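Novice: Protein chains in written order, with my numbering: chain D, 1 to 181; chain G, 1 to 381; chain X, 1 to 215; chain W, 1 to 455; chain F, 1 to 397.
Quick caveat, the hints were computed from the structure, so don't treat them as lab data.
None of these values were measured; they are calculated from a predicted model.
Hints are not guaranteed to be accurate.
Pairs of lysine-lysine, PhoX-like flavour, derived with a Cα cap of 25 Å [claimed, not checked]:
id : chain 1 : residue 1 : chain 2 : residue 2
1  : F       : Lys322    : F       : Lys253
2  : W       : Lys55     : G       : Lys264
3  : W       : Lys284    : W       : Lys195
4  : D       : Lys56     : F       : Lys25
5  : W       : Lys297    : W       : Lys358
6  : F       : Lys25     : F       : Lys322
7  : F       : Lys326    : F       : Lys253
8  : F       : Lys25     : F       : Lys326
9  : F       : Lys253    : D       : Lys58
10 : X       : Lys136    : G       : Lys308
11 : W       : Lys297    : W       : Lys284
12 : X       : Lys6      : G       : Lys308
13 : F       : Lys378    : F       : Lys294
14 : F       : Lys253    : D       : Lys56
15 : F       : Lys25     : F       : Lys378
16 : G       : Lys264    : G       : Lys177
17 : G       : Lys177    : G       : Lys349
18 : G       : Lys177    : W       : Lys55
19 : X       : Lys136    : X       : Lys207
20 : F       : Lys253    : W       : Lys297
21 : W       : Lys195    : X       : Lys6
Computed from the model, here is a short list of chain W residues facing chain X with C-beta under 8 Å [as the list claims (entries may be wrong)]:
id : residue
22 : Glu59
23 : Thr145
24 : Met146
25 : Lys195
26 : Ile196
27 : Gly199
The C-beta atom is built at its ideal place from N, Cα and C for all residues, glycine as well.
One-letter residues, chain by chain:
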Amino acid sequence: MSKAATKPEFALMAEFRSSRELLHAIEQSQAAGYTQLEAYTPYPIEEVWEALGQHKSKLPLIVLIGGIVGAFTGYLLQYWVSVINYPVNVGGRPLHSWVSFIPVTFETTILFAAGAAVLGMFALNRLPMPYHPVFNVPRFALASRDRYFLAIGSWDPKYDRRATEEFLLGLDPFEVNEVAS
Amino acid sequence: MVEVTVDDRSLELPVWILPGHADGSMTIHLGYGRTRTGRVGSGSGFDAYRLRTSRAPWHVAGARIRKIAKHYELASTQLHSNIGLAPGPNEEPGFGVEGVEAERRHLVRVGTLEHFRQEPDFAQHMGHTPPEGLSMYPPWDFPGYAWGLSIDLGACTGCNACVVACQSENNIPIVGKEMVAMGREMHWIRIDRYFEGELEHPHVHHQPVMCMHCEQAPCEVVCPVGATVHSSEGLNDMVYNRCVGTRYCSNNCPYKVRRFNFFKYNDTETPVLELLRNPDVTVRTRGVMEKCTYCVQRINHARIEAEKEERQIRDGEIQTACQQVCPTEAIVFGDVNDPESKVSDAKAKPLAYDILAELGTRPRTSYLAKLRNPNSTLEES
Amino acid sequence: MSQIFKPSTNTLARVSMFGAIFFLAILAWVLVTLNRSSLATRQGIVLQQPVPFSHDHHVAGLGISCLYCHTTVEESSFAGIPPSATCMNCHKLIWNESPMLEPVRESYRTGRPIEWTRVHDLPDFVYFDHSIHVAKGIGCASCHGRVDQMPLMYQAESLQMEWCLECHRAPEMFIRPRTEIYNMEWVSTDQETEGARLIADYRVQSKLSCSVCHR
Amino acid sequence: MTAPGKPPIVAPGHTPGSVTDQISSIVLTRMPRWWWAAFGASFALVMMLLYALTKLVFEGTGIWGLNIPVGWGFAIINFVWWIGIGHAGTLISAILLLLRQEWRTSINRFAEAMTLFAVACAGLFPLIHVGRPWLAYWLLPYPNTMDIWPQFRSPLVWDVFAVTTYATVSLLFWYVGLVPDLATLRDRARQRLAKITYGFLSMGWRGSATHWHNYETAYLLLAGLATPLVVSVHTVVSFDFAVGQLPGWHATIFPPYFVAGAIFAGFAMVITLAVPLRTLFDLKDFITIRHLQNMGKVMLATGLIVAYGYVIEIFMAWYSGNWFEEFMILNRIQGPYRMQWYALLLCNVLAPQLLWIKRVRSTPALLFVVAMFVNVGMWLERFVIVVTSLHRDFLPSSWGMYAGTRWDWAIFVGSIGLFLALLFLFIRFLPMISIFEMRTIVPKTQAREPDEVSP
Amino acid sequence: MSEPTASTHERSFPPPADLDGLQSKAWIAAGIGIAASLAGWFLDPTQFYRSYLVSWIFWLSVAAGCLAILMLHHLSRGAWGLMIRRVLEAAARTLPFLAILFIPIVLGLEETYVWARPEAAADELIQHKAVYLNRTAFVFRTVVYLGVWSFFAYGLSRLSLRQDRTGDATLFRRMQVISAPGLGIYCLLTTFAAVDWLMSLDPHWYSSLFGVYFLGGQGIAALAFVILVALYLAQREPMAGAFNAGHFHDYGKLLLAFVMLWTYFAISQLLIIWSADLPEEITWYLERAHGGWKWVSILLVLFHFLLPFLLLLSSDLKRNAKALGKVALLLLAMRWFDVFWLAAPSFEHGHLSFHWLDLATLVGLGGIWLALFLGQLKTRSLVPVNDPYLVEALDNE
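Excised from the complex, chain D in its bound form (with noise of 0.2 Å):
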């Protein structure tokens, strides 16, 4: 996977052998003053995005409009239909029939409370991006077995091609990867 020299690479990645050594690579790199780092982890590891700062995902907010959002759509719906756009005696029962309006508000707020949360995922997860980097180093396949890989970001203020080579090397990684742009 050798790509032009010309352009510049996009990362460096460590590989781990557990997440024990991840969390501490972690601890050092952020010691050493690295910021734009990422972690790849087989499965979740709550103290790894912990360590890396990340503690409140806003996906619950979202979640709640959505919920919000759906129950009075579900209501005003019903409501709209029922008494303003075509008011119709049904078997005697009043036009705003509130208590036969719970079912459906409910199932339509769980609707759009379930879609908030999974499109809300992939938004602030960046989803779908099927070319990435990372994919450039054939050993990141193994991140998706049992391997724990972490990456310090070229933009990094603190990224030298070689310094942080030499850094990485030095936490005691199974291998150090140049990810290629």
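The hints should help you fit chains G, X, W and F onto chain D, whose structure is shown.
Specialist: Structure of chains G, X, W and F alone, referenced to chain D:
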């Protein structure tokens, strides 16, 4: 089946044993068993003309009857021949309970004249009638006309004229024996028959049942597309062209008066049949529900005429098809908002009652209980 | 593993997602439009007739009243298509040799009605009554358009249920004095107040119950 | 972590690498011969279903055994049965996730897939049961030229919303759960087409910390939304019956009792599928006896709630003093459909009591037998509710009998074929066990450190 | 099958000393409440019996609900219940005393229950139910309910205590085995108890969901009470160090689940009855939808469901013990309103009226009950120290 032999003439026939039929006699209907009457008439029933002679055209004596090892399927809209009577001793448990149940549910209410003199409104106390206006919903107003119907059970003789009139007025398809045997008859009005008393000599009561046009109709609430809703005059409208055919309304109808087009029963291809039909009533297609409309086409016609003349519809101006043909005038239709109307008059009588009133459906069709004035000496003999 | 996709796939992925949403929106719009277009309603489409009868010529040109031909409009649910005899009242004398009118003369001779192509054809489950509408102050032009300007007849309105409801929900916006029923050119100066007054005068009950039209 | 005396939820000796390889290899290698036979058989049933449906659409609902007192028959029974079966999938995934029950991991994926296919089968029936299926879209609220809308007081409209929401959310939940695994398959696949397909479907998942963080939040929120949704769906289905006035349908206990019945049926179906699959695909390391035991317990618990429903229904029918209610129960016990009722009691009340015995819960074959009883029993329960209530209601003059015709049966059996065919396709193309979640729990359940993996 | 490790023994959890003070206060409250109630009994015995019934059912719901939660905890083997197990056990052990406190209700049966009055003989429907609704059967059943519940409460408590002493790891399995049928029996009996005590106040009305609705309410009552006790204990040694935000988060989640469950039952019952509009069923709701009762109904919707539901959605609130305590207090108060709403409209069939006896009996019975509860709580270690799950439970996040 049995073989009936009169002199040297014999005929194989199916039998249907009815309570109250005179001992040692049988009734055979003429007019069936024809061979060249077209699609519907050919080959249906048995030709009883073979048994009669010009000497005694209506009665034949000395017939002999013999059971034979053949079976013939009969179709009836009312399979429960013993309604109003207890199940026979040989019947399987669970079968034959219709009679007991019908009695217990006070569907048809009958009293003697004597009883009536003592307690004129006895019929209203036979079932459980909830207090008026008891509902979770605020009341609906029917400011203009409010159509209603009353049936006098005392006058009804069970002649079936209403059934036939309704059928021709409303383009109701004839579905044939197989469908009737499956429980898919299409009559909008049916006559429930009840026997009361001993099997040997019961009293027979007839109760015509059609759509009750309930003010709080259970059928309407459950229709997902609003194909059955209430009109401003209190009719339970059935909009065939909106119906998608969930049959939910029929399931939820306590009176089971709705009828479903399981197949395309109406022949719309044969041009000559177009002339057969009433142009004022939609010919229903396959997959839709239908039921009694109180002959809404007649109501609409009368309303338009009255409106053009800028007057109210007169009482009696609208006659439903069943009312029109009823030889005993058991059926009365009209505006219940008008206190002077005949129908209001009927409904105000002490004998008036609603069936299944305990369900809170508030039917617009009500009944007048039947009164008998038995002669005690005759009764006992 | 190695890279499966090119960098441009990212753009493609996003574009295709928004494209799909856009496509669905367009599809919905097309369906809605088609449903209301003359493809579905036949609105505005001039139909071929056995005789090219011009309402323009007869109404605007000659000043014949609607009622001259559509005689039952005030009494019956149907306005009525005139028998050939009605045509022949005049055409015995004028244009009585015209080859264009040969079908009329033939019909008159043989007694077989002319098979006109129906222009305003409601579905069979809809029951519309002309007489009550005329009696309550709905003009011919309200539903049939400016017939006096139609050389050949076409359907002026969609005749869809929403169109019927438009008037049934707010008849005061469409009602006119009874004297102006057959006046094709009549335009109200103050429809709202005038309409409300007429509604009261004519005791108009604009029914919205299903069984009024469907039974 | 592991409590004393409990079998493990993953067999010993597994590492994140080994679970990844073993599960993904099922999809990435050839299918065994039996798969083709089984798929072929179920595909044949799908063809039968299509034939029967064609007949139905061309001739009408009359080819079924329906009549006037009994306006609903097999179609609605099957609908309720299938949608009930669907419930276990979402429930295993969502509730057990919320309750932090890690044993869910190895069965959730395929249980969710089961949900989707069951909902697909269920969704078929309301569509085809109507007299004019080509107009079924009238149940959807969309602006139209008639200016008419669905009637929102009808439970069938609630059903439309509930079932479509359920199908959509289940699909999203399932897909979201699949994304990391699709990335795994993308990374393992050898064929170019497979790489591109899995790559496309995984949307470029990288497993970065940011990804996982949002992902975990989303998954948890979805679980939190899916749980009340599952409850609501069968509740709405129960409203189809309960809001009517018909004795045997109108009972306030119906919502919780239907939900419990649905979970009961759903877990029975999961066991019915899991027992053979774990043998056929050699998944005993992941779907262990512990899973079967736990599912047995859930079945027992929900079975008891269903039995509670029966008891309360009978008691209240008497206590109400309402003769229609009392007669309805008497008719179940003595009426012409009494055998169905007794069979239902045998299948749903008596058979599950075997699950009190640990031996039964730990023996796959016995568990399978009990699950089959429950599958049948829950179908019968819906038969009893739908048919036995309808056939003798208020007016004895309108009573009648009902029996399914061969077309009823063909469509029912065909829908089972459709379900199985979809399931076999799923097994062929997607990992039936969540790989990334197995990777998550392996380090916790195994004493060893993942460091020991060879590169 | 590991023997408990030494680490669990290192800490002990004796009840804090100021429980005694609290108990004394409870007795004082009981004294005042009882005195006032007695005065009320002289003035207006009918009102006394009715208020007493509501108060008794309220406190019983808390105690019996605790038994249910206890069995649920054993059954699920969850670590969440360990920290509150002793509270649940202590509350459940008060059940026999509540049986004694049932005696006044028996004495005033005719004042509260229509079917117990002589004129009920004229009512056909009540006659139909007389086999079930009569004085002897009613008392017998209540004795059975409380007897069976007490049996389970004491059985589980004893095993739990033995576990403290012996550390026998098989005991928790035995408690689980008891809890499985126990919970089933509990639900069935509570259903009938709800029919007896509350539904039969209006002997013409019936709803098959009623028992489940009552069960849902019991869950809320018990959890709200337990949260308040946990909050109290968490502010004192030795539990101050033991309780953490994670525990309250779990209780908050459970409380939320029960609030949703209760709402679900309430809506289901209303929707089914509202939609069918059967005259014999709707009377019960009509009584509660008119006059002042309408406002109590609205109060329940707002504060038994809407507000607690929205608040409990927030995980920050659930992790904040004090904030959670406030929600729990609100819900406990709403539990009383719910019981009142279930019972009182059936007494008067008319307008809403609060009586000072409602409060007096509530305080009197509550004082007695709390004192009994604290007395039970004091007798044991506040945490089952030898449970194999304890380590996991203590560092629950």
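Novice: So, for every hint listed, does it hold in this structure?
Specialist: Against the structure, the hints come out as follows:
no.	hint	in the structure
1	Lys322/F to Lys253/F	holds (15 Å)
2	Lys55/W to Lys264/G	holds (14 Å)
3	Lys284/W to Lys195/W	violated (29 Å)
4	Lys56/D to Lys25/F	violated (45 Å)
5	Lys297/W to Lys358/W	holds (10 Å)
6	Lys25/F to Lys322/F	holds (22 Å)
7	Lys326/F to Lys253/F	holds (15 Å)
8	Lys25/F to Lys326/F	holds (21 Å)
9	Lys253/F to Lys58/D	holds (21 Å)
10	Lys136/X to Lys308/G	holds (8 Å)
11	Lys297/W to Lys284/W	holds (19 Å)
12	Lys6/X to Lys308/G	violated (77 Å)
13	Lys378/F to Lys294/F	violated (43 Å)
14	Lys253/F to Lys56/D	holds (19 Å)
15	Lys25/F to Lys378/F	holds (15 Å)
16	Lys264/G to Lys177/G	holds (16 Å)
17	Lys177/G to Lys349/G	violated (41 Å)
18	Lys177/G to Lys55/W	holds (22 Å)
19	Lys136/X to Lys207/X	holds (13 Å)
20	Lys253/F to Lys297/W	holds (23 Å)
21	Lys195/W to Lys6/X	holds (13 Å)
22	Glu59	violated (23 Å)
23	Thr145	holds (4 Å)
24	Met146	holds (4 Å)
25	Lys195	holds (5 Å)
26	Ile196	holds (6 Å)
27	Gly199	holds (5 Å)
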